[in-house]
Structures are given as C-alpha cells and as structure tokens.
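Start from chain R and add chain L according to the hints.
As they're listed, the protein sequences go chains R and L.
Numbered continuously in my numbering, the first sequence closes out at residue 599.
Numbered continuously in my numbering, the second sequence closes out at residue 599.
Be aware that one or more of the hints could be misleading.
If several chains are the same, the list does not tell them apart, and a pair holds so long as it fits within one copy or across any two.
16 Å max Cα-Cα, derived EDC-like pairs, lysine to aspartate or glutamate [to be verified]: (1) Lys-558 with Asp-532; (2) Lys-558 with Glu-522; (3) Lys-285 with Asp-555; (4) Lys-495 with Glu-548; (5) Lys-381 with Asp-345; (6) Lys-171 with Asp-403; (7) Lys-558 with Asp-270; (8) Lys-558 with Glu-269; (9) Lys-379 with Glu-342; (10) Lys-442 with Glu-548; (11) Lys-424 with Glu-438; (12) Lys-482 with Glu-450.
What the hints contain is simulated information worked out from the structure, not anything from laboratory work.
Number of protein chains: 2
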Amino acid sequence: MKWVYIEDLSKHVSQEIEIRGWVYNKRSSGKIRFLVIRDGTGYVQGTIYSEKKDHPLFQKYDRLTQESSLHLKGKVKKDRRAPGGFEISVSDIKIIQISEDFPITPKKHGVSFLMKNRHLWLRSRKQNAILQIRTELIKAIRDFFDNNGFRLMDTPILTPSACEGTTTLFETEYFDQNAYLSQSGQLYNEATAMAFGKVYCFGPTFRAEKSKTRRHLIEFWMVEPEIAFAQLDDIKKISEDLILYIIERVLENRKTELEILERDIKPLEQVKKPFPRITYEKTIEKLNNKGRSMKFGEDFGAPEETLISEIFKQPVCITHFPAKIKAFYMQPDDKRPDLVLGLDVLASEGYGEIIGGGQRIHDPELLQTKIAEHNLPQEAYEWYLDLRKYGSVPHSGFGLGVERTLAWLCNTKHIRETIPFPRLLYKIYP
Amino acid sequence: MKWVYIEDLSKHVSQEIEIRGWVYNKRSSGKIRFLVIRDGTGYVQGTIYSEKKDHPLFQKYDRLTQESSLHLKGKVKKDRRAPGGFEISVSDIKIIQISEDFPITPKKHGVSFLMKNRHLWLRSRKQNAILQIRTELIKAIRDFFDNNGFRLMDTPILTPSACEGTTTLFETEYFDQNAYLSQSGQLYNEATAMAFGKVYCFGPTFRAEKSKTRRHLIEFWMVEPEIAFAQLDDIKKISEDLILYIIERVLENRKTELEILERDIKPLEQVKKPFPRITYEKTIEKLNNKGRSMKFGEDFGAPEETLISEIFKQPVCITHFPAKIKAFYMQPDDKRPDLVLGLDVLASEGYGEIIGGGQRIHDPELLQTKIAEHNLPQEAYEWYLDLRKYGSVPHSGFGLGVERTLAWLCNTKHIRETIPFPRLLYKIYP
Numbered sequence: 170m171k172w173v174y175i176e177d178l179s180k181h182v183s184q185e186i187e188i189r190g191w192v193y194n195k196r197s198s199g200k201i202r203f204l205v206i207r208d209g210t211g212y213v214q215g216t217i218y219s220e221k222k223d224h225p226l227f228q229k230y231d232r233l234t235q236e237s238s239l240h241l242k243g244k245v246k247k248d249r250r251a252p253g254g255f256e257i258s259v260s261d262i263k264i265i266q267i268s269e270d271f272p273i274t275p276k277k278h279g280v281s282f283l284m285k286n287r288h289l290w291l292r293s294r295k296q297n298a299i300l301q302i303r304t305e306l307i308k309a310i311r312d313f314f315d316n317n318g319f320r321l322m323d324t325p326i327l328t329p330s331a332c333e334g335t336t337t338l339f340e341t342e343y344f345d346q347n348a349y350l351s352q353s354g355q356l357y358n359e360a361t362a363m364a365f366g367k368v369y370c371f372g373p374t375f376r377a378e379k380s381k382t383r384r385h386l387i388e389f390w391m392v393e394p395e396i397a398f399a400q401l402d403d404i405k406k407i408s409e410d411l412i413l414y415i416i417e418r419v420l421e422n423r424k425t426e427l428e429i430l431e432r433d434i435k436p437l438e439q440v441k442k443p444f445p446r447i448t449y450e451k452t453i454e455k456l457n458n459k460g461r462s463m464k465f466g467e468d469f470g471a472p473e474e475t476l477i478s479e480i481f482k483q484p485v486c487i488t489h490f491p492a493k494i495k496a497f498y499m500q501p502d503d504k505r506p507d508l509v510l511g512l513d514v515l516a517s518e519g520y521g522e523i524i525g526g527g528q529r530i531h532d533p534e535l536l537q538t539k540i541a542e543h544n545l546p547q548e549a550y551e552w553y554l555d556l557r558k559y560g561s562v563p564h565s566g567f568g569l570g571v572e573r574t575l576a577w578l579c580n581t582k583h584i585r586e587t588i589p590f591p592r593l594l595y596k597i598y599p
Numbered sequence: 170m171k172w173v174y175i176e177d178l179s180k181h182v183s184q185e186i187e188i189r190g191w192v193y194n195k196r197s198s199g200k201i202r203f204l205v206i207r208d209g210t211g212y213v214q215g216t217i218y219s220e221k222k223d224h225p226l227f228q229k230y231d232r233l234t235q236e237s238s239l240h241l242k243g244k245v246k247k248d249r250r251a252p253g254g255f256e257i258s259v260s261d262i263k264i265i266q267i268s269e270d271f272p273i274t275p276k277k278h279g280v281s282f283l284m285k286n287r288h289l290w291l292r293s294r295k296q297n298a299i300l301q302i303r304t305e306l307i308k309a310i311r312d313f314f315d316n317n318g319f320r321l322m323d324t325p326i327l328t329p330s331a332c333e334g335t336t337t338l339f340e341t342e343y344f345d346q347n348a349y350l351s352q353s354g355q356l357y358n359e360a361t362a363m364a365f366g367k368v369y370c371f372g373p374t375f376r377a378e379k380s381k382t383r384r385h386l387i388e389f390w391m392v393e394p395e396i397a398f399a400q401l402d403d404i405k406k407i408s409e410d411l412i413l414y415i416i417e418r419v420l421e422n423r424k425t426e427l428e429i430l431e432r433d434i435k436p437l438e439q440v441k442k443p444f445p446r447i448t449y450e451k452t453i454e455k456l457n458n459k460g461r462s463m464k465f466g467e468d469f470g471a472p473e474e475t476l477i478s479e480i481f482k483q484p485v486c487i488t489h490f491p492a493k494i495k496a497f498y499m500q501p502d503d504k505r506p507d508l509v510l511g512l513d514v515l516a517s518e519g520y521g522e523i524i525g526g527g528q529r530i531h532d533p534e535l536l537q538t539k540i541a542e543h544n545l546p547q548e549a550y551e552w553y554l555d556l557r558k559y560g561s562v563p564h565s566g567f568g569l570g571v572e573r574t575l576a577w578l579c580n581t582k583h584i585r586e587t588i589p590f591p592r593l594l595y596k597i598y599p
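Just chain R, with the same shape it has in the complex (with noise of 0.2 Å):
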C-alpha cells in the first residue's frame, strides 16, 4: 500500500493508502470514531463505523492519545465538510508509539512553558502554520533574487572585524587570534558584487543585544542584496517589488496557514507600489504634527514607527537620513552633506523596519576619510579600500530580516514565534 503525504491527498481520491503521522485529536459518537491525524504537511480526519462495539479498531481506537504514532490505511472520500477537504475511512491501524502526557495540551499555557518545549511546541497547529508560512517566505524570497539575475554569494559568519561598531559582538577564539561572529554580510557583499555584478547573501546573523523586545532576536535571518551600479532610486523599486513579491507568493500558497492564524488578509492585499517615499526630515515633521517632539538626529522607535504605520497604511520608504545616525560607509547627499543616502522601509500594520540600506561610498579618499573620522582601524579595512581602488563604481544594497516580515504577514505579536529555536536573552534552551 502507497505512503502517501497528506497534503497528496487529493491525488489519491478512492484509493486505498496510507498515513504515516501522530495523533492530533479524537472523538467518539455514537457508532463512529473521528481521529484527526497530523503528518507535517498538513491534518485529515479519519473516522471508523462499526454496529460492534468491540471491533478490533475501536480497541486501538481507545488507546490512542495525544501525539501517539501510528500508520492509518483507508480509502481517501471527498468531503466537502471535513476539514482540508479529504476524511479517510480507515480500515488499518498500526500503532507505532503510545504517547503518554504529553505536556501541551489544548488548554492554556504560559510562554516560558511554551519556549521550555519548544521542540514539542513545534506541533502546535498554530507554531505549525508560522512556521510553513516561513518555508513560503524564504523560498519566495530566493527565488525573486535567483529568477532576477542575482548570484547567491554566501559571505562570512567568522570575521575578523566589526562591521557597525563592537559592543554588540559575538566573540570567539579562532586559534591564535580572536574573530566575531557576523552581523551583517554587507561588506563582503560590496566585494562579489563587483566580482559577479548583482549578489545576494542569505545566512544567519548575530547581535549580543542586551534588549528584550518583541521585536529582537539574538540570532536571525537575513538577506542581503548588493548591486554594482545601482543607485539609492534602483534599490527603492527593488525593494518594493520584493515585498509584493512575497505578499503575493503567501497569498498564493499559503492561505490555509493564514486562515489558522486567523490573519486578516486585507491589509495584504492592498499593499501596492510605489509605497509612499518619505525623507528622514519630512518624517519628523509629520511625527510632530501628530504630537511627538522629535529633533532632527534622533532615531525613530517602536512608537514613532507604529504612528507612522498610522498615518500611511501601507509600507513606507523613509531616505536621506543625518549621516550622524548612519554607517560611515553610506554615500552622502550631493546637495546636503550632512544627509546620507539611506533606505529604511518600513512594513505597514505597525510593524516596524523590516529594511535598512541604501548606496555606499564608491570614492576612495571620501571613504579613507570617513573611516578615520570614526576611529575605526583602517588596517582591517584595506581589503573594502580596495575595493574603491580598482574600478570602484556607485553601488547599493540592503537587508531584509526574515523574522521581522513573518511576524508582519502573520500579524504575530511577538517574533519569538518566527524561528523554529528562538534564541532571546538569556535564552538558549533547547
């Protein structure tokens, strides 16, 4: 007999198969027993008829718990009813495992319970339906860059300097001298960029970030797109066509997943480009005719970017932010030298920046300056100098967070939910 996926179930309507997975839930009424079976790629209900009351199935029927494992042959019916839209009438059942107790159960339970087991938390309809919305996600996200051109250039995680300041690294002996773990694969990025044209780089990253925030993990996903050539303009309407194109993919593909989340998709759907673009001052202004009193210089936060959220409804592309408050390697504006051609957007629905970039510094004496005027150790830098030696062009990139948009397209409150083993502070179990 065929072991067939559950999500594979519509290509096996009347045929008898088999199911290969763990008891999600049961009930009995009358002469019928439903099971709902769980195998990973999705649930179906399995129900047994019988006038006995001792029929072999109902027996093993009865000793099946929550998460029990087990093999279920049956004959795949339509039902329009049923959840999924297939019930198997089971004629088999093979039990591999009976689970006893096992700790989460349908009532309530506490987060620190939760993230305790999260390894078992994982088969939660809930945690289940984020999760595959993130396998939608990533693979959306790769394949925009891949059908786009973009080369895939893994950088780094082991480096031998900081890129944006120390205090937030993670350290590590790497045998006679030190090394940080990467929070950013940017500046090898600008390398194979001018090596392979349009790069991307995909790969964890690490912050030591003493913040307990819902919105911050210590270890997380990004991607990070590099192009030569490309102006800040260029990397705006890249990054618009990127966020829609992930928008569209999980509409697409994972409607289920949303509706378990009970997601309201609306919001999403009526994401359109161009998104509003904004400057960092004309932002200001706008924060303080809500009634913030923000200066120029100062960085915007979760509540400023929840008003901002407010006031547009839809993803906003924020530029030409004060250089003070940006890398030393951002280009500056021609006309305003204390502005730097920076790009944050920002997802709609509050939830906060989801991309930071913008265009780099191709002149070489700029650069060599601005790297002293942050005291940072141009030894370290002599490989990124030259990369403005030997046919430096204008060039642009950014980075996505992955976890950041997952909790926005799941409109999940806190992004701990986001990554299959969440790492917080203090937090490194299991």
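Just chain L now, kept in the frame of chain R:
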C-alpha cells in the same frame, strides 16, 4: 538607452544597448581595438573600428587598464567566433574609474598572495566560474528538497551543548552562560521532522579542527534532510536522487563555466543509479585485497577513499559501520548490534566523503543507555529524549557538504576555492 547584463545579450541582437562593467582584457590590431568586458554575468568583446588614428574612442581605449570601470554603449551583433557568441560594436564609452596596478595580472601568482587578495581574486575567470557553479549547485539542492515536499527549517547556530564531541567546537559567551557554534543541525532537525514530516536545514557549520588539508574548511555549508518514518534504505535512495539531480542541473545550466575550468564532464555524465552499495566490512575486505591492511574499527582516510574511487568508478554508498566509530544516536543493526545503520556516500574521482548520515535510534531506553555510555550530560539531552517519548518513530537523515561536492563537480583540487571567503587554519582575512 537600455542597461543590459551580458548574460541577456541574446535578447538584444541588433539593438543599441549599454553594458556596465569592468575591463577584463584588451588588444589592438591595425585599425581595430578589442575590449573584453566583464559585468559579473559573463564576458563580451567590444570592437572599435576607425580609419582615424586619433579617434576619440581610441583615445579612451588607450587610457583603459585592467579592471577599469565603465559604461559601454553599442550595437549587439551575433558572432559565432566571439566568446559567448555575441560582440558589441562600440559607439560610446563612459569611463567611471581608471584602475591602477590591479594586483592580480594574467601571470602566475602564489596561493598565499591570492588568498590575501581573495576579494579581488574573485574577479578572475576561473574563480568566477567555480562560484557561478556554486550558485547553481545550491539552487539545485534547494529545488530538489522543495520540490519533494521537504520543509526548510532553519536550525540554530548558537547552541547550548555539543552535538558530536567538544574538542572541535568554537565557544562564545552567551550573556551569563557559554554557547557553541553548531557543527550540525541534526538534533534540531529531528525535532522539526516530528513536527513537519520531512525537513531540511541548510546553513553554515563550524569545526575548529587543527587540520590543514585540501579537504577541510573551518566554516562550511551543509544541507541536512531529516525524514520521519524513513529508514536506512529510504535515505540511500534519496542520496542517490539528490546527487544525480545536482549533476544534471549543473551540466545543463553551467556548461560554459565547466568549459572555462576545463572540467572533463564524462565522469559526471557517467554517474548513474543505483550507486554501488557495500558494507563497511566488505569495503575493508576490498581495500585489503588491494594491498592495504585495515582492521575492523578503523576509519577510512583520504588514501582509502581514493582507492575506493578507483575500484568502483562511481559514487559509493557505504553502510553498517562499527558502532564505536560513529555517533551515539545511530540505530544499531538488529542482527549485529556492534554495527550501526550509518550511511556514507563517497564521490567518484577520489573526492571522498560528501554525505554522512544514517538511521537514528528511536527507542527511548536504548537512546538513554547510549547517552550514558558516551558519558554525555543527560540534562543537556532532555529535550532530545522527549522526541522518543512522545510518538517516537523510526527516522533517518544525512548531511551533504556543499564545498566538497562543488570541489568534485569542478574537479578543483583545493576546497578553498569553492567558497567566496574561505576560513582556514589560522586564516581569516579578508
């Protein structure tokens, strides 16, 4: 005028277009000047023809040096003789930057010089070709798993405990405790496989090994599938299918790059399934027949792997290893409890092990005994033991190393050329 990438020239025959890139090479012959431009997606020859010796384009041509950056305008012409099949008759050149004394010239350089200049070495034709194939390889791996129902489930890099021994681990402070950089996502994969059925993780892994061979990287990428309900035979088949799919995709889409590398593709074309399948003991026997003197319990080294390649001329699946040379979680053979159901796949042509995996212990008591026998701290494995308590099922998986596989596909002697920024013993710059 339209900015076009070289790989897309075939769509613009007879059109006036603009290329943005760098000078790779130049030569002149009478009234004609040839410029080979690279833009990261390919190489194209531009020709400038004039009767006038002081033609302004000739003057620009004279200034151009290796790696100078430029915009080049002209008409695309089909030309069978030209590398890539197209030529551009140049109508205008805009110089962005003249590059002075690019350190990597067509003459031969020493390896340590090239490694120090890795950020520039990437622009060389051969390095570019290897990494273009890397991009295709990774895409093929992801497509294979995505198209076969696997869910990507990223596993953490920062982990509280060691997966396989502690001697080769990078350690870092994680707030008030210690953390280690992951050497494998497997244990976490086992948790996600129970939640999602078929999963894979794909990320960087770290081994602080003091070995300086042409096969070892300190930081390398590995893809690791894990399948609930799968047994040893199932993953043998998946390994074969994966390897065949990878070869097919690279041969199909990266022929030009394989030609640049002068890779004889016949040995790759001849790979077919099923691969020779042989037990560890039979392998020892065969090696000893060829003059080695290996004893039961010894591990294969590079010379043995090369000899196995010579015997079979195909990738080889080796199984049923002595328990004592494999990890604690490996499922023992029913009939021979001193053997475990491990799986190694060796590439052909002497490239050694590219896949390692096997069937995992699913019995809770047996796993507990093994953890004790290996003197592992039980409390660190509580969550891992939970996976055997709550609906345990037989399951199997493996890991495939990206760089070793790529070295094989490219027939590249040293693994350091198979990743953009290799991390080697004592070498972490740039």
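These are the hints, each one checked on the structure:
Proximity of Lys-558 and Asp-532 under a CA criterion of 16 Å is satisfied intra-copy only: 9 Å inside one chain copy versus 61 Å between copies. In this homomeric assembly, Lys-558 and Glu-522 never come within 16 Å of each other (Cα to Cα): the closest approach is 33 Å inside a single copy and 41 Å across copies. Taking the closest pair of Cα atoms, Lys-285 and Asp-555 come within 16 Å of each other only across two copies (12 Å); inside a single copy the shortest separation is 48 Å, beyond that limit. With identical chains, the CA atoms of Lys-495 and Glu-548 are never at most 16 Å apart, being 22 Å at best within one copy and 44 Å at best between copies.
In the homo-oligomer, the alpha carbons of Lys-381 and Asp-345 lie at most 16 Å apart only across protomers (15 Å), although the nearest pairing inside one protomer, at 34 Å, exceeds that limit. For the homomeric pair Lys-171 and Asp-403, the shortest alpha-carbon distance between copies (14 Å) is at most 16 Å, but the shortest distance inside one copy (51 Å) is not. Proximity of Lys-558 to Asp-270 under the C-alpha cut-off of 16 Å is restricted to the inter-copy arrangement: shortest distance 9 Å between copies versus 65 Å within a copy. For a Cα distance limit of 16 Å, the shortest separation of Lys-558 from Glu-269 across copies, 7 Å, qualifies, whereas the shortest one inside one copy, 66 Å, does not.
In this assembly of identical chains, the alpha carbons of Lys-379 and Glu-342 lie at most 16 Å apart only when taken from different copies (13 Å versus 22 Å within one copy). Taking identical chains as interchangeable, the C-alpha atoms of Lys-442 and Glu-548 are never at most 16 Å apart, the minima being 43 Å within one chain and 52 Å between chains. Taking identical chains as interchangeable, the C-alpha atoms of Lys-424 and Glu-438 lie at most 16 Å apart only when both belong to the same chain, with a minimum of 12 Å there against 42 Å between chains. When the C-alpha separation of Lys-482 and Glu-450 is checked against a cutoff of 16 Å, the pair qualifies neither within a copy, at 19 Å, nor between copies, at 67 Å.
The structure shown violates the earlier hints numbered 2, 4, 10 and 12.
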